Amino acid sequence: MPEESNQDIKAIVFQLNEEEFAISVKQVGSIERMQHITRVPQTAEFVKGVINLRGVVTPIIDLRKRFGLEASEFTESTRMIIVYMEDMEVGLIVDAAYDVIDIPKGAVEPAPEVVGTVDVDYIEGVAKLDSRLLILLNMNNVLSYEEVKALKTVEG
Amino acid sequence: METNEYLEVFIEESKEHIQSLNDHLLELEKNPSDLSMVNEIFRSAHTLKGMSATMGYQDLANLTHKMENVLDAVRNNKLAVNTEILDVVLEAVDQLEEMVLDIASGGEGSKDVELLVEQLDAIENGEEIPAATKKVDDSQEEVSHSSAVNLASTLDEFERTVLLESKEQGFHNLELSISLREDCLLKAARVYMVFEILEQSGEVIKSSPTVQELEDENFDLSFTVLLVTKEDPQEIEKKVMKVSEVDKVQADLFTPGQPTKNGGDEPAPASNGSQTAVAEAPVKKEADKKASANKAPVNNKTIRVNIDRLDALMNLFEELVIDRGRLEQIADSLKHNELQETVERMTRISGDLQNIILNMRMVPIDQVFNRFPRMVRQLAKDLGKQINLEIEGAETELDRTVIDEIGDPLVHLIRNALDHGVEQPDIREQKGKPREGSLKLYAYHSGNHVFIEISDDGAGINRDKVINKAISNGVITSEQSETLTEKQVFQLIMESGFSTADKISDVSGRGVGLDVVKNTIESLGGNITIDSKLDQGSVFSIQLPLTLSIISVMLVEIEEEKYAVPLSSIIETAVIKKSNIMSAHNKKVIDFRGRVVPLINLKDVFEVPGDNEEDDYYSIVIIRKGDKMAGLIVDSFIGQQEVVLKSLGNYLTDVFAISGATILGDGQVALIIDSNSLIM
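Just so you know, the sequences run in chain order G and F.
Quick note: the first sequence uses UniProt numbering, first residue 1, plus one each step.
Quick note: the second sequence uses UniProt numbering, first residue 1, plus one each step.
It should be emphasised that the hints constitute simulated quantities derived from the structure, not laboratory data.
Treat the hints loosely; a few may be bogus.
[Unchecked claim] Restricting the straight-line Cα-Cα distance to at most 27 Å, the calculated cross-link-like pairs of lysine-lysine (DSS-like) are: (1) F:Lys625 - F:Lys533; (2) F:Lys562 - F:Lys578; (3) F:Lys587 - G:Lys65; (4) F:Lys440 - F:Lys518; (5) F:Lys587 - F:Lys487; (6) G:Lys65 - F:Lys603.
Predicted model, so just to flag it, every value in this text is computed and none were measured.
Can you make the complete structure from the sequences, with help from the hints?
Pasting the structure below:
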């Protein structure tokens, strides 16, 4: 992330399928506990539905589905991370969200060719902190509209 | 000058005045002898001039000023109204509007208005319209001449005579020196007030700087006025001092000297007289205008509120409606008497509040209709057709958001009616119709909807032509065409890529119009139908919801999920025995009051998870779109409720058969079914 050189990146760390991911705090609006989600028919598979977020109808994405991971039951630690993207507001379901950490600029490395099973295009880089490995997400690509639309047409 | 805070008011009011100019000018054209109309026009023009001068918009003020002069001549029976004059005046109004719009969008409001000014001058002087360059130069020279400081020395012969005569008749000639306070913000406004007072006590003969310059704020802090009055100098001083921000007034008696012989410097006496009249005119008119304005009865007391504030109020109220729903639910489950009573009371009050807030957002559709007379006049001219436009129900009120959206579609339909509907006068005569075509705009309320009809007595829609075109465009097949009803055929012209006009004109007929109209109207939750008889005319009727943000819905349940169906599209609900369901073309249908109604199983459409246990009875919501009906199979009805329409956000767009979402009393989100897209 050359544009943020000399500076640490403040990021929210969350867990998904035993791996740790990070999103810049700048994009995160809030972290919510699970609540009733209203399913929206005929949308992409990973769109879980919509919730009432303090009066605003907010779409929720199941990140496990989005990343092609196997589904799991929601637990006490399951959280929704509400992210703001341009003019959109979307919630992401993750296994757990616990930390805000500073990632030193130097610790970030470009995405390796293959990381787990996740497609590389929504990974911005990988940060090594002590023994932890954090995957930095590019939210634009996670929500990638084209892909959503493509999926919609395939389904519809 | 710090005029920003006034800018908004200025723009709003200017728009209103321009609109009223337009309206009245058109009235005047129909009724050229109606001088009261001229007075109305004059009043608007005058106020506009005053305001623009105060705000420092020179060109705007200049043009209105000239326009005013012409109107004044008309008013005083010096000029007869004719189409040429009106054309020029209307053109001037158009320019004014452009300038105001320019100002509104942050511009300077400056524009080259010389040609129009010339034309207006020419009209005023009773000359042929185009050639009038000389006069302009003359009067401009005059203005620069009179900016000299010493008033007495600038008096021309005519003024001197007036002063001498008035003195003989027992009037005082006063020379008033008036200074404004240094911190005076609206100098021109103060000057205006001073003049108003002076005009009440006597007649202003001359001022230095000139009235024009004073209005434009082209002066320092003090100015001098020559006044002819019967009142005491001290009285006048006192009166003028009452105007706020006036620092000092001094009134001196003044005797004009004998006419000087420097006629060489001055323009020839004949034109001299008329020019003075021009220079004096604004002052006089100010007095006239004020007098009549004072007489006007004070009607409704209104305040201007920024629409954003109303939107904010609406949003807050929407939150309240959601909480109200929740309270109702809690009260119901607790069965606590007092709580239930209180909640009921609150529900009633918030119901009233809702009505008031919704009403506040309602504006008469006149706001959209009022620009049509102008447009129709111009279009008719361009097309060489004669049109009589009738507007009915302009007072019908609609939500502001609907009003904002409905303008363009209406413009399109009107253009369409004029271009393709109404025939050329000659052709109309051959068909045995009056040469003048008629176009009717009709708006009315009915239930929760507003209907707008646009009807013409033109050529109507040629059914065969539409069908041929539709077949050649591949919109339908020839087999399909045989089974279509009249209305279905007419609906075809609103499909995209369809234009039946033989020749494409500037006005309409590019084939991208009516489908856009249809889409806009449907996106507003309305619909449009067409009725037409060949050679007798067409009627386009638009149905629109009264408001967009709070709607009445029927809540239904499908398995564990709740959906809301807008009440406006529901005809009724029914419970049907399974054995009454028939099958046609592999589709389930029912016989509903003598009509075959297709059934749609929402469980399938929305892929609701759950096992398909079969019941002996089906709960059915019968919905309609235009003439077509369909029955939605649901699991159970929950009941009717007022809900707040919310969008699904920018991430989820174009979800099939869902028009939005709402938040229910228990805080959950329910999806609102778009019944229009369920009926094909």
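Okay, the hints, checked on the actual structure:
1. F:Lys625 - F:Lys533: Status holds; Cα separation ~23 Å.
2. F:Lys562 - F:Lys578: holds, 23 Å
3. F:Lys587 - G:Lys65: violated, 35 Å
4. F:Lys440 - F:Lys518: holds, 20 Å
5. F:Lys587 - F:Lys487: holds, 24 Å
6. G:Lys65 - F:Lys603: Cα-Cα ~24 Å, so holds.
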